[in-house]
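Undergrad: So the protein sequences, as listed, match chains A and B. FYI, our numbering numbers position 232 of the first sequence as 232, with every residue one higher than the one before it. FYI, our numbering numbers position 370 of the second sequence as 370, with every residue one higher than the one before it.
Certain hints may be false.
To be verified - Straight line, CA to CA, 27 Å or less: simulated BS3-like cross-link-like pairs of lysine-lysine:
no.	chain 1	residue 1	chain 2	residue 2
1	B	K190	A	K299
2	A	K129	B	K348
3	B	K609	A	K152
4	A	K129	B	K190
5	A	K299	B	K609
To be verified - From the structure, some residues in chain B lie toward chain A, with a derived Cβ separation under 10 Å:
no.	residue
6	N317
7	A703
8	Y705
As the list claims (entries may be wrong) - Computed footprint of chain B on chain A, listed as stretches where at least three residues anywhere in the stretch have a Cβ under 8 Å from a Cβ of chain B:
no.	stretch
9	114-126
10	192-202
11	290-302
12	341-348
In short, the hints are calculated from the structure, not lab data. Here a beta-carbon is modelled for each residue, glycine too, at the ideal position from N, C-alpha and C.
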Amino acid sequence: MGPQIFRKTSELFLPAASCPRYKDLMPHDLARAALTGLLHRTSVPKEVTDYIIFGTVIQEVKTSNVAREAALGAGFSDKTPAHTVTMACISANQAMTTGVGLIASGQCDVVVAGGVELMSDVPIRHSRKMRKLMLDLNKAKSVGQRLSLISKFRLNFLAPELPAVAEFSTSETMGHSADRLAAAFAVSRLEQDEYALRSHSLAKKAQDEGLLSDVVPFKVPGKDTVTKDNGIRPSSLEQMAKLKPAFIRPYGTVTAANSSFLTDGASAMLIMAEEKALAMGYKPKAYLRDFIYVSQDPKDQLLLGPTYATPKVLEKAGLTMNDIDAFEFHEAFSGQILANFKAMDSDWFAQNYMGRKTKVGLPPLEKFNNWGGSLSLGHPFGATGCRLVMAAANRLRKEGGQYGLVAACAAGGQGHAMIVEAYPK
Amino acid sequence: MVACRAIGILGRFSAFRILRSRGYICRNFTESSALLTRTHINYGVKGDVAIIRINSPNSKVNTLSKELHSEFVEVMNEIWASDQIRSAVLISSKPGCFIAGADINMLAACKTPQEVTQISQEAQRTLEKLEKSTKPVVAAISGSCLGGGLEVGVPAAFDMMLTGRNIRADRAKKMGLVDQLVEPLGPGLKPPEERTIEYLEEVAITFAKGLADKKISPKRDKGLVETFYFTELTAYAMTIPFVRQQVYKKVEEKVRKQTKGLYPAPLKIIDVVKTGIEQGSDAGYLSESQKFGELAMTKESKALMGLYHGQVLCKKNKFGAPQKDVKHLAILGAGLMGAGIAQVSVDKGLKTILKDATLTGLGRGQQQVFKGLNDKVKKKALTSFERDSIFSNLTGQLDYQGFEKADMVIEAVFEDLSLKHRVLKEVEAVIPDHCVFASNTSALPISEIAAVSKRPEKVIGMHYFSPVDKMQLLEIITTEKTSKDTSASAVAVGLKQGKVIIVVKDGPGFYTTRCLAPMMSEVIRILQEGVDPKKLDSLTTSFGFPVGAATLVDEVGVDVAKHVAEDLGKAFGERFGGGNPELLTQMVSKGFLGRKSGKGFYIYQEGVKSKNLNSDMDNILASLKIPPKSEVSSDEDIQFRLVTRFVNEAVMCLQEGILATPAEGDIGAVFGLGFPPCLGGPFRFVDLYGAQKLVDRLKKYEAAYGKQFTPCQLLADHANSPNKKFYQ
């Protein structure tokens, strides 16, 4: 075994969907706030930090290494290197595990890992034709050349290109794939609405009880301070049933109410080698015990990452489902969570697609996403990973368990799982 | 390719019929496109929805048969009588097939037009039953739904669904043929195909309920495709008789131009539609079934059905499975042929090395493969991502690296025996023992190429046709020494590449080139006799050849034609004479190599579609002019001089054992050389036209020109005993 890795505490802030309050910000503003929040809560000396890693999905081209811009802005030493990783919805997970790797290989002792996503502003580009014309104009030497280039201009060049939440390899949007996945596993609309309602209700309860202690308030320049996640909206099944399908019309089952919503947010987490933390006088919160990445067919199994990753990470860590006290799965869609449940509960699926003799087994619902999930708390793509790990660690603390299991799916047909172990009190 | 084209034309007209006929659907030729045996229909009730399941026993596909018709009528009657049932879903229990159409064998078994008419009328009654249904019926279609199958779906469905990952399903929806698309599902708790059908049924049931409860309105209250194609104004115009007459006339002209009057079906279809619109649908239905009966009995119908059966035969590997699957392929020479072979290999998932001697040559070949794939992207048959992932199966290189892993090497270097010998030796030094060496040559005997091989049992000929990605035929040539397993490998690779395969014995020109050569010699003689290339082209195309004879020389390449003429001339002597090969020699010396050099009989310019005659040819032709013989120079004689030489040589190939079966001869001639599909190939043509009449013609030409027209023994035998047929 390599050095024991533990993460101390994380600061998260993710107030909600296409929140107008964030629309004038840039991603590094949110990331910077997460970093200053972390510094404040942990009172870790900036100069002790060896490395900073952030995950992000939709990149702002001006700050393509958003980790570095945020770190500089947050007052970290300019001698502390920082890099940005991307792995769709598990980008923050990748940031954390990259940090674990740096510590395990002896490169670093103290790493800050996090993630950021600003969906309120996404890079909308000129069309390829327009870009080409503009670049050629730049290079044109004479007036004649310029005029002849301009004469090629057509009005349709002005049609902009928007980033889509669609697989590049299949051109299918994720919601469409989720709807097909739900249909493949015969997950009904009612089941999906019920699960979404559960997520919102539990999130509301957790928020009301003050359990979402990882959130730090954020003062938006010139506007209010955002103090809590604002996407939590417990509704009724009747209300939810009225919604039209969002992707496969008119007979699909995935709707706005049973999908995670576009969210702004950032997260950060302090990861240290155990000896280093103890030597510095810190009281560790949890171990990042083990992790795994998986990938499969991006067309028909796009969102089944948790099903594949869960048994693998358990086997790797020498644990079974029964050893897990807190499950924290990323909820991209109700249909995706329920399809994963059905896949994990199916011998047929395990035998035909996973090369296993028996099914993975179902996580007990009473231990599953007890404080809400991405459906209700929101899903800022690049930042969600840290929130999942933090929720698992905080739940273990609060509820008194030993092991937590984090799992998530991601675009590209990839998936991730991690075992979190509570630090002995 | 050609047969497909014929069906394609018909397909287009089936769309037209629907288009011009309000509420009337003609169901003529489309029914002939699939096969069937027995059928079975049952139904169950879920709530107030009846689920009618079609499942022909002991068959992979559902087909329209007498049993199906009668059972269907019974089932529909029960459904209408039931108070419980308010709507119905029509679905197939077979994944990937709704109804494939009517059975070719059933039609072929009919002896008289009346029998076929009766079958057609039964089908009409079934469909009428559906059209007049008082309860909404939703057809849930997954997979192939051809001909009659489509008709069951279309009129039945107030709303109708179709699954399919392909664009055709997409397009069907756009055309208004279907109302909803259900995308195929991936793995779940059952095999994906099974669950997809189940899901389709679930969705169809919600639609059927919705229709019965009037929550969903049947959108297609207007003519089926009308809303899509027609504006209100043109729809109005069609109600004016004068305008209608003009439309009929235009359409007929267009059909005549496209089919050159050689395919009777499209014109009859127009007739039927006319009857339907002018005299009402009852008269239309009657006329339809009668015309269908007549059509089924025509020579053209027999010829096309024969080709269909031949094609099925040539899609099988008669040598069985090879011992080792070919996974790594290497191609030598990145020219037109080499790159073409590479293209049809990589898109089937074969790891392919494309080797050339120069970077320029290689780059050209790689670009050809890329362009071929990219054109599919433009047509939306591939996504750009699929294109890239297919293209990465191709490795372009100048050396023999990686050949140690090759399971098969196909050489497509220049047609020069010493060059072929050199590459064969080079390759044999680097390939593993099991690796097959295939030569893509159009005329060099394989045994001569194999003469320098250390392992002649692994040497075989694979003769592709240009352009490789469009031409379906592959002619495989085996020598005395070629092992069975080598043949099995070559056929397996060809089938994987999507080819229709004939396997022939080795000999100069094999089968295809050998048939073409005497015809080409005759082409030269006819040109020397003063027939101009345009006239010759029109004579050949009006006989049914897809490409005119002079144009064909330009397309093949004058240098290639010269090469072949010389080689085969040497091998077969006077019988292959006729035209003066000097014509080709002069053309080559002037650089008139055909399309590839921009000039041949015609002038080819980038972007210019209409072809103009190459006036520089006038001098050459004038210098070689010979006087025509008036007794054999009528238009018809010119056509028959070409065709009889072709057919005579083909029959001789069978006589000499180059060909194993007449069916392969017909497939080779139609798919590789463009022999008129409406004639069914040289052997079918002998059967249908009559061996005696052909021999008479040959003798007439023999009297004028001599040996080149002497009927071969086998043809003479057939003429002497009228009961002898190539197809019994």
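Undergrad: Would you mind marking each hint as holding or not holding in the structure?
TA: Hint check:
1. Proximity of B:K190 to A:K299 is assessed by CA-CA distance (about 17 Å); at most 27 Å being required, the pair is judged to hold.
2. For the suggested pair A:K129 and B:K348, the alpha carbons sit about 33 Å apart, so the restraint of at most 27 Å is broken.
3. Under the criterion of a C-alpha separation no larger than 27 Å, the hint pairing B:K609 with A:K152 is consistent with the structure, at around 26 Å.
4. With a C-alpha separation of about 46 Å, the suggested pairing of A:K129 with B:K190 is violated against the 27 Å cut-off.
5. With a C-alpha separation of about 42 Å, the suggested pair A:K299 and B:K609 falls outside the 27 Å cut-off, and the hint is violated.
6. The beta carbon of B:N317 comes no nearer than 29 Å to any beta carbon in chain A, farther than 10 Å, and the hint placing it at the interface is violated.
7. The interface hint given for B:A703 is broken, as the beta carbon of that residue sits about 67 Å from the closest beta carbon of chain A, more than 10 Å.
8. At its closest, the beta carbon of B:Y705 sits 61 Å from a beta carbon of chain A; the interface hint therefore is violated under the 10 Å criterion.
9. Counting residues of the stretch 114-126 of chain A whose C-beta lies closer than 8 Å to any C-beta of chain B gives 0; at least three are required, and the coverage claim is violated.
10. Proximity of the stretch 192-202 of chain A to chain B, defined as three or more residues with a beta carbon under 8 Å from a beta carbon of that chain, is not established by the 0 residues found.
11. Counting residues of the stretch 290-302 of chain A whose beta carbon lies closer than 8 Å to any beta carbon of chain B gives 4, which reaches the threshold of three, so the coverage claim holds.
12. Here's how the stretch 341-348 of chain A fares: 4 of its residues keep a CB closer than 8 Å to some CB of chain B, so the rule of at least three is met and the hint holds.
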